[in-house]
Structures are given as structure tokens and as C-alpha cells.
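Q: As a plain string of letters, each chain reads:
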Amino acid sequence: MNTDKVVVTDRRHPIKIARGLGSAYSGVHHWWVQRVTAAALVILGIWFVILVLGLLGADYATARTTLARPWNALLMIAFVLTMFWHAALGLQVVIEDYVHTRWKEVFALVAVYFLAVVGALASVLAVLRIALTP
Amino acid sequence: MANTQRPLSPHIQIYRWQAQMVSSIVHRATGIALAIGTVVVVCGLLKLAGGEASFNEFRRVAGSPIGMLLMLGWSWSLFYHLCNGIRHLIQDGGAGYQITQFVRSSWLAAIGSVVLTVVVWAYVLSAGGAA
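Chains as they are written, first to last, in numbering that gives the first Met the number 0: chain B, 0 to 133; chain V, 0 to 130.
Each pair of labels, with its calculated beta carbon distance range: (1) B:Val-48 with V:Gly-49: 22 to 28 angstroms; (2) B:Trp-102 with V:Arg-5: 19 to 25 angstroms; (3) V:Val-60 with B:Val-27: 40 to 46 angstroms.
Worth flagging that the hints you see were computed from the coordinates, not collected in a lab.
For every residue, glycine included, the Cβ atom is placed at its ideal position computed from N, Cα and C.
Given the sequences, and given the hints that come with them, work out the whole structure.
A: What follows is the structure, encoded as C-alpha cells:
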């Protein structure tokens, strides 16, 4: 075997390709979650619009008993969780694209995720109160 | 800006406006608008959980002229982001990247969002008006 003819074209360690995580060390995870939440929001978003249109002009008791129904409460929790997740992922990309000062970028990213978590938890708590208390 | 001494690539003011770039910009803008609109969803749920008086207050604010105008803007933003989002999911599957297809689907998403907004608001205004 003549080793003189071996030409090295790729100096990266094979483990780097095997892991598939790229230069950001997180691979395509962010991209995938953004698409999966988008697909979920196509269904949940249409459901949400139909629910709100059905509650047009509804009084307090009607609105509350409607949302307290198990399927509506379940889908509303699914909707708000997916909505805040997708919104945080989207705002993250916008901030990473346009905020070029590192400390401002990190501050904005942390603020977005804090606000998204608070919004999601508040929404879930509200739906649970509506669904579980008379 | 980190380093403005280096040469910069031309920005949007250089290019002729076309459907491809406008659909991308509007998708992002409506996404940001909808992220702000999540506050209204949280408020609605908290006010409904808070009892009759607080829910009526929410209904009054949402049904006010300014509230209705904001709802109109958010509803169009939602429908645009929905239509163009479905377009993006199809493109993520690898389809529709020929220039003619790309321009056509851009316009299709825009027209679809306007049609959905008009249909929904025709229903809102015919079936009882204000929330």
C-alpha cells in the first residue's frame, strides 16, 4: 500500500461530524423546534380564532363555562404554551440578527425568555383557575 | 455595531422592492406584533379568571374603538403570519423555490391574509359588533 498518495481533504475530527452540532454546538435544534411549534400553532391558532369568534358578545358566565370545558381548557393551555415558546424562539432570532452589542444582546435574550416564561405560567394558572374552580 | 470600519454590504435602500423581500420583512414584522399581542391573550385569561367585574372591564377595553382597531391589526397580523408561515413550512420541505413559484406564493399568502381578515370582520360586525 502506497501511503504517499493519501491526500487529507478534511482535518476535522470525525466525532464532530458524527455529533452534527456545528459551530454553535446546538445543531439544528432551534430550527426544528421553531418549525414544530409553527405546525402546532397552525392547528391551535385556527382553533383559538374559532373559539374567540364563538364567544363574541358572550357574558361572563358563558365565557367561563365555555373555557372550563375539559377540551377547551386543555387546548387553551396547549395554545398558550406553544404560542410563548414560538414567540420566544422568533424574538431570539430577531435579537441575534439586529443587536450587535454583546451585553445588550444577552440582556434582551434573557429578558425575552423571562417574560415568555412569566406569560406562559400566568396563562396556565388563569386557565386552571377557570377550569377547576366553580 | 461592533466594527463599522470594515466595508458594509448594501442594505435594503439599495435594492428594488419585490415580493420576495417584502414577504420576508412583513413575516418578521407581524411576528413581532403578535409577540406583543400575547399580552392581550394573557390579560384576557387573567381577567376571565378574576371574576365578573374584571372580565367586563376587559370586554369594555377590548370593545372600545382603539381596542377594536388594535384587534383588527392583530387579526391581520395573525392571518398573514399563518398564511405565510404555512408557505414557509412547504418551502422547508424543499418545494416552491423557482422564482415564479416563490413570487406567486408570496402574493397568495398576502391575498389569503386579507381575505381571511375581511371574512372574520364581516362576521364580527354582522354578529353583534363589539366584543
